[in-house]
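Number of protein chains: 2
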Amino acid sequence: MEQKIIAFDLMGTDGGVKPGIDATLTFLKQNPDYKIVLIGDEVEIKKNLPADFNKKQIEIINEKNVAKMKDNNARTLLKENSSMMSALNLIAENKASSVLSAGDSGTYLALATLKLKRINNVSRAAFMPMIPTLIENKYFLLLDAGANLEVKPEYFEQWALISSIFYKFLFKKENPSVGIINIGTEEYKGFEYHKQANELLKNNLNVNYKGFIETRDLLQGNIDIALADGYAGNITLKTMEGTVLNFSKLMKEKLMKNFFRKIGALILKSAFKEVKERFDYRNVGAAWVIGVNGIVIKSHGSSDAKAYLGALNQIKIAIESQVLTKIIKALE
Amino acid sequence: MEQKIIAFDLMGTDGGVKPGIDATLTFLKQNPDYKIVLIGDEVEIKKNLPADFNKKQIEIINEKNVAKMKDNNARTLLKENSSMMSALNLIAENKASSVLSAGDSGTYLALATLKLKRINNVSRAAFMPMIPTLIENKYFLLLDAGANLEVKPEYFEQWALISSIFYKFLFKKENPSVGIINIGTEEYKGFEYHKQANELLKNNLNVNYKGFIETRDLLQGNIDIALADGYAGNITLKTMEGTVLNFSKLMKEKLMKNFFRKIGALILKSAFKEVKERFDYRNVGAAWVIGVNGIVIKSHGSSDAKAYLGALNQIKIAIESQVLTKIIKALE
Numbered sequence: 399m400e401q402k403i404i405a406f407d408l409m410g411t412d413g414g415v416k417p418g419i420d421a422t423l424t425f426l427k428q429n430p431d432y433k434i435v436l437i438g439d440e441v442e443i444k445k446n447l448p449a450d451f452n453k454k455q456i457e458i459i460n461e462k463n464v465a466k467m468k469d470n471n472a473r474t475l476l477k478e479n480s481s482m483m484s485a486l487n488l489i490a491e492n493k494a495s496s497v498l499s500a501g502d503s504g505t506y507l508a509l510a511t512l513k514l515k516r517i518n519n520v521s522r523a524a525f526m527p528m529i530p531t532l533i534e535n536k537y538f539l540l541l542d543a544g545a546n547l548e549v550k551p552e553y554f555e556q557w558a559l560i561s562s563i564f565y566k567f568l569f570k571k572e573n574p575s576v577g578i579i580n581i582g583t584e585e586y587k588g589f590e591y592h593k594q595a596n597e598l599l600k601n602n603l604n605v606n607y608k609g610f611i612e613t614r615d616l617l618q619g620n621i622d623i624a625l626a627d628g629y630a631g632n633i634t635l636k637t638m639e640g641t642v643l644n645f646s647k648l649m650k651e652k653l654m655k656n657f658f659r660k661i662g663a664l665i666l667k668s669a670f671k672e673v674k675e676r677f678d679y680r681n682v683g684a685a686w687v688i689g690v691n692g693i694v695i696k697s698h699g700s701s702d703a704k705a706y707l708g709a710l711n712q713i714k715i716a717i718e719s720q721v722l723t724k725i726i727k728a729l730e
Numbered sequence: 399m400e401q402k403i404i405a406f407d408l409m410g411t412d413g414g415v416k417p418g419i420d421a422t423l424t425f426l427k428q429n430p431d432y433k434i435v436l437i438g439d440e441v442e443i444k445k446n447l448p449a450d451f452n453k454k455q456i457e458i459i460n461e462k463n464v465a466k467m468k469d470n471n472a473r474t475l476l477k478e479n480s481s482m483m484s485a486l487n488l489i490a491e492n493k494a495s496s497v498l499s500a501g502d503s504g505t506y507l508a509l510a511t512l513k514l515k516r517i518n519n520v521s522r523a524a525f526m527p528m529i530p531t532l533i534e535n536k537y538f539l540l541l542d543a544g545a546n547l548e549v550k551p552e553y554f555e556q557w558a559l560i561s562s563i564f565y566k567f568l569f570k571k572e573n574p575s576v577g578i579i580n581i582g583t584e585e586y587k588g589f590e591y592h593k594q595a596n597e598l599l600k601n602n603l604n605v606n607y608k609g610f611i612e613t614r615d616l617l618q619g620n621i622d623i624a625l626a627d628g629y630a631g632n633i634t635l636k637t638m639e640g641t642v643l644n645f646s647k648l649m650k651e652k653l654m655k656n657f658f659r660k661i662g663a664l665i666l667k668s669a670f671k672e673v674k675e676r677f678d679y680r681n682v683g684a685a686w687v688i689g690v691n692g693i694v695i696k697s698h699g700s701s702d703a704k705a706y707l708g709a710l711n712q713i714k715i716a717i718e719s720q721v722l723t724k725i726i727k728a729l730e
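Note that the protein sequences, when read in sequence, are chains H and E. Residue 730, in my numbering, is where the first sequence stops; the numbers in between run on with no holes. Residue 730, in my numbering, is where the second sequence stops; the numbers in between run on with no holes.
Bound conformation, chain H alone (with noise of 0.2 Å):
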């Protein structure tokens, strides 16, 4: 496969498929040698593509099913035609590189697993988004965000190998650190297979293991990975987006208060700017979905052209380094 090709569902998200194809327009311009496979309405699609498109870069294929399990039962949708099954379908019979979606999560989690398989070891498929920190560029993987509410120590092992790697080629640094979110930093702390894991993490020489983090550090940035159940890494993530959330609306409403704090803000405009673009998910816009047999990405429902970019931006740099071909070879 000389030419490299991203597989991107548009459908099942908030603002329409417009966002998806002006980042895709944006991204194939600046990457000459990458073509994107826009999946979905085919009429709202061209609608929002100049008439003389470039055919090389992209293709159009027309599904416009979105895919939505009901009762948590993923298997009846593999059967069913729908744009996140397409797109996976490219990846499976290897006329893609990667998929991009910002479908419902829980489904293409399931589907991401059920078509294109775990890698041989790995125990379990996991989220994990790249959060922002106080210090500039930097940021932390969050592992497991959601998928998984129970686990076992192993799937810790073998998530520290396969985010090392990813954090490696994504951020450029060798020897990540990796901690388990608890509820304490000390050993006797949180469940038993917060115990197990810290065991069987100590003893690895493969992973850059710390110890037991609390979440009140992650924001810091002194920790580069932070493994957590399903359950506490969903909260982790929640709690911290809404936080900055309402702290920010507050702030807003405080500053808006009256003519003079106007003034004030009007003089910080570029600080208040700073905080939010460093705080912006945009940038990087997405949590990839671990474990599968693919370079799989999902970006939020209610993404932008500016989202979808940063998402193309890390499956580009995610194709180029090879971090699946890395991670299949670590977990032999």
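Possibly wrong hints are sitting among the right ones.
When chains are identical, the list treats them as one kind, so a pair holds in a single copy or across two.
[What the hints assert, rightly or not] Quick list of in silico lysine-lysine cross-link-like pairs, PhoX-like style, CA-CA up to 20 Å: (1) Lys655 / Lys667; (2) Lys587 / Lys466; (3) Lys593 / Lys468; (4) Lys660 / Lys671; (5) Lys704 / Lys671.
Hints were generated in silico from the structure; no laboratory data involved.
Once you have looked at the hints, place chain E on chain H.
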């Protein structure tokens, strides 16, 4: 007992005995019908009291030993002298109506449970901090914030009853709303105990139950009481604390970057102060230990006089509204 008496364990804090004593003096001046028993290093205590302190309002118990569990076992501490045990003994002997300590959380909860015993029909004691929201003067209660990693559905029902009574009197609101923290609001989400607790609470007419809630919405102030197992509750609390702290740090760094911005920051000083004040845990300053036979409150180890005064004022409300008697009756 005519006079209202608070037992105040001054040991085991980060900042010595002074902040607690300063708060005591302020509180007693405002509340002449109260008495506070200060427990700690008598020499240190006397250094920080005026020579002519009012002996009708202040009593000193000299006890320097700090209680701290080793290996999660509190039973041996029950028999040993410590400032915390002296404070708890006063309640157990009916010589005080309430106890305040900033000592080690786990030790405090364990000793309070062992010494004061649980209220009839309460399976487990829990930690219950009061947390500010976006809405002015609006707090929510979070429980359990870390005492019980493993829970049973009936704990949620008992905690819902207890916290509803606390909320009603502390924040003067009838029928406070109650939600259970989960990874989604849909009824099929979470562990088995989430689903069972959900059913129990839906059928309990004494609780204004709203179903599952997500932690990203907590600070909006739409829910009065957030129930969780101690694992999720502890992680939620620490994630919120850390996010507010680190977000503020980043903001400060950006605002001080150059002279021009410093001018803007000066204009907005009052606005920032208002935001800081809203999220200042010291205004309420404490977490309740609920489920035991006593009004038991825990302050941060790093509390200053303002934080201790906040805690003393909460105790006052709890004593004067007879929260404990009402809880015991409701659980009968």
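Hints not upheld, ascending by number: Those not satisfied: there are none.
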